[in-house]
Amino acid sequence: AQSVTQLDSQVPVFEEAPVELRCNYSSSVSVYLFWYVQYPNQGLQLLLKYLSGSTLVKGINGFEAEFNKSQTSFHLRKPSVHISDTAEYFCAVTPAAAGNKLTFGGGTRVLVKP
Amino acid sequence: DTGVSQDPRHKITKRGQNVTFRCDPISEHNRLYWYRQTLGQGPEFLTYFQNEAQLEKSRLLSDRFSAERPKGSFSTLEIQRTEQGDSAMYLCASSTGTQRSEAFFGQGTRLTVV
Chain G
5 AQSVTQLDSQ
15 VPVFEEAPVE
25 LRCNYSSSVS
35 VYLFWYVQYP
45 NQGLQLLLKY
55 LSGSTLVKGI
65 NGFEAEFNKS
75 QTSFHLRKPS
85 VHISDTAEYF
95 CAVTPAAAGN
105 KLTFGGGTRV
115 LVKP
Chain B
167 DTGVSQDPRH
177 KITKRGQNVT
187 FRCDPISEHN
197 RLYWYRQTLG
207 QGPEFLTYFQ
217 NEAQLEKSRL
227 LSDRFSAERP
237 KGSFSTLEIQ
247 RTEQGDSAMY
257 LCASSTGTQR
267 SEAFFGQGTR
277 LTVV
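Chains as they are written, first to last, in the working numbering: chain G, 5 to 118; chain B, 167 to 280.
Where hints are given, some of them may not hold.
Unchecked claim - Derived contacts from chain B toward chain G, CB cut-off under 8 Å, selection only:
| id | residue |
| --- | --- |
| 1 | Phe-211 |
| 2 | Leu-257 |
| 3 | Glu-268 |
| 4 | Gly-274 |
Unchecked claim - Below, in silico cross-link-like pairs of lysine-lysine (DSBU-like), each with a Cα-Cα straight-line distance of 30 Å or less:
| id | chain 1 | residue 1 | chain 2 | residue 2 |
| --- | --- | --- | --- | --- |
| 5 | G | Lys-105 | B | Lys-223 |
| 6 | B | Lys-177 | G | Lys-105 |
| 7 | G | Lys-62 | G | Lys-105 |
| 8 | G | Lys-105 | B | Lys-237 |
As the list claims (entries may be wrong) - Stretch by stretch, here's where chain G covers chain B in the computed footprint (C-beta under 8 Å, at least three residues):
| id | stretch |
| --- | --- |
| 9 | 199-208 |
| 10 | 258-264 |
Simulated from the structure, these hints should not be mistaken for laboratory data.
Glycine included, each C-beta is placed from N, C-alpha and C at the ideal position.
Chain G with its partners taken away, still in its complex shape (with noise of 0.2 Å):
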């Protein structure tokens, strides 16, 4: 079984300021890795993934993160916010084998303040 913790339930940042958004994993197998985002009463939107290869992912909106397999992290990041990146973050994983049957951490909610 996989599991997902997001350590930080809030997070609020100033406009133009970077953020980072912590991800722990555990899992016995090899995993695909995401992060997704949430606007209010709204679906969820992928920002990135990782499958394999390079550590360091970009996504959509100038987000991006680094994968470290020795301290099963997946830490979000982006240097510089707008007030349009106001929502909920999640983090989740997948077993390799298993396509896209995700667990998620708990969330991340992100305030951007002007």
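Add chain B to chain G, keeping to what the hints say.
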């Protein structure tokens, strides 16, 4: 293509009533997933289909929950004898089924049991 479509978007029902939700996946996607998201939590995997075959249903929350995908296209999720604890957002996602394919989520159906 308009993406994954879910209907209704909102449903209020009295405790003890049955409810059914519909999901229309992206047309060429042969995999379809159902998730449940309670307030303040990440989505929780419930079940999934490869075409019309339901490949896993052990995560369905109780025998009051059932899902179908009779012709391998749209899917329905039914909850019988609803309870207040069933109040949640029910999310549907679809993918092409190749191992590295991305899951696309619908906007969800928000169920409120009163």
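Each hint tested on the structure:
Hint on Phe-211(B) holds. Least Cβ distance to chain G is approximately 5 Å, under the 8 Å limit. The closest approach between the C-beta of Leu-257(B) and any C-beta of chain G is roughly 6 Å, which is under the 8 Å cut-off, so the hint is satisfied. Because the smallest distance between the Cβ of Glu-268(B) and any Cβ of chain G comes to about 6 Å, under 8 Å, the interface hint for this residue holds. Among the interface hints, the one on Gly-274(B) holds; its C-beta lies about 5 Å from the nearest C-beta in chain G, closer than the 8 Å criterion.
At roughly 12 Å between alpha-carbon atoms, Lys-105(G) and Lys-223(B) fall within 30 Å of each other, so this suggested pair holds. Note on Lys-177(B) and Lys-105(G): the hinted pairing holds, with a Cα-Cα distance of about 26 Å set against a maximum of 30 Å. Of the pairs offered as hints, the one joining Lys-62(G) and Lys-105(G) holds, with about 23 Å between alpha carbons and a cut-off of 30 Å not exceeded. Distance check on the hinted pair: Lys-105(G) and Lys-237(B) sit about 22 Å apart at the alpha-carbon level, within 30 Å; holds.
Only residues whose C-beta sits within less than 8 Å of a C-beta in chain G count toward coverage, and the stretch 199-208 of chain B has 5 of them, enough to reach three; the restraint holds. With 3 residues having a beta carbon nearer than 8 Å to a beta carbon of chain G, the stretch 258-264 of chain B meets the requirement of three or more and the stated coverage holds.
Hint check: no violations occur; every hint is consistent with the structure.
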